[in-house]
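Chains A and B, in that order, are what the protein sequence lines are.
Every letter in the first sequence is one number past the one before it in my numbering, and letter 204, counting from 1, is 247.
Every letter in the second sequence is one number past the one before it in my numbering, and letter 100, counting from 1, is 440.
Hints are not guaranteed to be accurate.
[Stated by the list, open to error] Just some of the chain A residues that point at chain B, by a computed CB distance under 7 Å:
#1 113
#2 115
#3 116
#4 134
#5 135
#6 138
#7 143
#8 145
#9 149
#10 162
#11 165
#12 166
#13 172
The set of hints was computed from the structure by calculation and includes no laboratory data.
Small disclaimer: the values here were computed from a predicted structure and weren't measured.
Ideal placement from N, C-alpha and C gives every residue a C-beta, glycine not left out.
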Amino acid sequence: MGEVSAEEPEQRETRAEPGEPVIATHALTKRYRGGQLAVDGLDLTVPAGSVFGFLGPNGSGKTTTIRMLMGLIEPTSGTARVLGQPMPRATRAVLPHVGALIEGPALYGFLSGRDNLIRYDSADPAADPRTRRVRVASALDRVGLTAAAGKKAKAYSLGMKQRLGLAAALLQPRRLLVLDEPTNGLDPQGMREIRALVRELASDGTTVFLSSHLLDEIAQVCTHAAVMAQGRLITQGPVAELSAGARGRLVVTTPDPAEAARILKEQGVADVVVTDDRVMGEPPDRDLAEVNAALVTAGVRVRGFMVERASLEDAFVALTGEGFDVAG
Amino acid sequence: MSRAEVVESVRPVSPLWTFGLLRNELVTTFRRWRTLALLAVLAGVPVLVGIAVKIETGDGSSPGGGGGGGPAFISQITNNGLFLVFTALAATLPFFLPMAVGVVAGDAIAGEAASGTLRYLLVAPAGRSRLLLTKYATVVVFCLAATLVVAVSALTVGALLFPLGDLTTISGTQISFAEGLGRALLIALAVAASLIGVAALGLFVSTLTGSGIAAMATTVGLLITVQILDQIPQLHALHPYFFSHYWLSFADLMREPVYWDELAKNLGLQALYAAVFGSAAWARFTAKDITA
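Pulled out of the complex, with its shape left as it was, chain B reads as follows (with noise of 0.2 Å):
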């Protein structure tokens, strides 16, 4: 070794190199097949849409009836494909995308410490706060591409199979293209964004127990039942609780002028979520003796 190189390597410790972690962590992550397999399922969910949409009104009929039945938008996709973005993101908002996001938050402390490499993660010595933030990032990373890869992926099949040009927002008024997929991209973001609580709560069961698999299907489970009991009329009062309660609330993006009142409420929310989740996930990864 040269001694220039001896010299350089005297330097002190960079706060730039705890990066590092983040970085790898995040190479990591999407370099597994699970994660490219949830991914490629998201990716597939607009196609089969576009497809059957092609395909319902070959005739030229008008898919869902004119309204009623469908995700949102659905019935406009004929006339715009841009529209087969919104109506993929609203069709997966509810289950795939948190799903995938449960999956990949679940895993993230519980399946390093069943494969055991979450000691060696720790005697490195990561840090457990560090090591915690940096797993969080991450699935807030895998909220915004997996909302991304449906977005693109709807895009490009909107675009294939239907002709783009200007389009009516849902309060009447006519936009640009320009200004549509302006609205597609901030439509996906807050998508995005409606998933940061159910990431939180994900990673919060993933530090309870130490089988990956548990906390996937714990966090899933939860989302499902989260679901189900907004639902139910007599829980009206929970209602403005339940992380998926405002999820839909990206729609009123399209008006003009746009409806802040319930994004807000729901950006609210998901950064209530994050705080709880986190704090908790937080407090209990930091006291827990690491036995596995």
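For reference, chain A alone in the conformation it holds in the complex (with noise of 0.2 Å):
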């Protein structure tokens, strides 16, 4: 596979400075002609080298701002940088380093998906035509579309679309890849190779930009992640900081839950629900040790005994106070 490393001067002059990030925005805002607030003052930092999960419910303004991070759709108020350039005044030298996949794949359903690819390349002056079989073919071996690139687009699956969109993406080495709910309709074997190629793609050093609304996903594989609500910015940085604002779940394993439960609740642990043998509550703010004490002191027989550790989701809950498929 012939790996095309050009770089042209112009990749020079927009490599940001060390530790500028590599997308920012302040107090970015839209508003629709309809008057509806998208989104709302939204600060957004994304550090270089980072895989960056994007999450919110479904209209909470996650397609609105990476289409005014690329350029398609003028912010009402607010800046946004990407590159260290300013969007979307830059886009003709921003854009060139940047692969993007926006909702979803969109091709010419009469030409084949070589020929889709061919189409994208031609419209990206920076790209040389010299060079240009020779990547597309690379791109479409990188998603495993080889065996089907000679193959009309409209004949193609929903899976097949979306790994020609990523190979789009792919034409030439990105320094940063938005993508939009890349695994979307994808089988599970499909959802592994991309989290295996964000992986991959992201140890070469390119910055990934993920948006999903797979919360799983974005803990797979993401280093930093940001969730949206209703146009604004509830929080972000590294998923591990994330996940530790939350608060995780004493679990108690005995064959006397009821007793169990009990005595849980006079040692301050809220919550407690109780499942079989399982009994769950959220840890008081005291040494865990003596709430083991008081169990064992009472006469129930524990046999686990453990605090399970918060996970994303649990974390996205208690930010959103929502579950996660509730629209803004």
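Please dock the two separately framed chains into a single complex, following the hints provided.
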């Protein structure tokens, strides 16, 4: 596979200062003509080299934010900088270094998969036409579409279209990849492949900005995350810190669940739930060894006593006060 | 990858690469079934006219009753097949040709928006002005291609069904067949240029909507409306500003000497439409939020 290491002079000019974030927005706001406030005073910072998960329920303003970052929509107020340059003013200099998959793939059904990529590549004035065929072939190979490259895109399945959209984002070596719901329509095997691809790209130093409604997906690959709800940024930071913010759950395994639940309540454990031989609750603000001792003193036979680490989902529910699938 | 290739790929961006998009746009447009179908319909018109004239005059009578009805030059086709070129262009210019151009121009931006491919072209980044210019250039090339398809089809059918030879101009003078061919080419160019205004109008409409069908329908609707208004005597004062008003001036190229007055007015009017609606399309497209 011919890896193309083209580095145009332009690329050096747009290289951000070390430590400068790849995406930085300040009070970014978009109000649509109908008066609807889609994004409200967003201050987003995506560090270089991160795999950044962008979370939020449907209608929370994620896609509007991505469109503003890509220069497709003019912000009502506020600023957005991508790769250290202002958007949408610097689209011509910035976007050749950005690969994007926005709101699903869009293809020319009457063209073959290969010709679709050739068309997108020739739309990029910074793409070298002499290496076009090689780059298209290697992008197709990277997403596993080499065998279907000659088929018309309208005959593609949703998963194949998604892969072709990803291939378009990988036509050139990119410094930033913006992937909006990249695993939509893919089977579990396809999802695993995408995750592996994201990890591989990130290890090459590409910053990946990944929006998803699948928390699991974000938790598995992301180093950083931001949560949006109703147009506002609720939180952002390293994934480890975000989940640390939400408290874990105390889980006691015992053949005497009723008695255990009573003791735990006495010890200040809130929100106690009993399922079969497991008793769960929010741990109190005191030494858990004392809680365990109280259980044993009361004659409860304890088989297991542990604090389950909070998942990103717990953090999300704690932050938004609602389930993840509830639209804002 | 060899060392030499690596060194080569570091060479600076050539400004000529920007035409890669135009080339791709042309290939993409002319490979679509819809474009080919439109061209096939246009190629069919001269065949129908030629066969109709041949059948009509099979008994030796002259078509159109010696003048009066039918498109320009139709009565001369039996004497000289070259006149089928002029007749076919006169027959397709009022509706078929501008309709085909309206479909291609109306779909130019709106069709990409409807399929979502517009956002990917713009993040490539094609550049809004560059994309719009590419689209307009492609529509203008289509104007020329569509006109030439009609002309070549008519010349072929004319040569097969009727005699060819020296011809008589509208002014009554004789010109050689070679010069007649030259005039036919000039007329085809004048007809193609007559479509520049509709092309700009269609492109502008195309930037207003996210639906390709709506843009095509609006453009073709405007075309029909203008043609009707151009027939209403009370609107006489407005007529010189309708893009279709001087269309049939191409017949003046068959005079001896050529009568340039209306031809120049037609070209000026088309340039005016291109400037006005081209600017409007640019102003609209470069400021538009792409939400599709």
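Q. So which of the earlier hints does this model not fit?
A. Structure breaks no hint.
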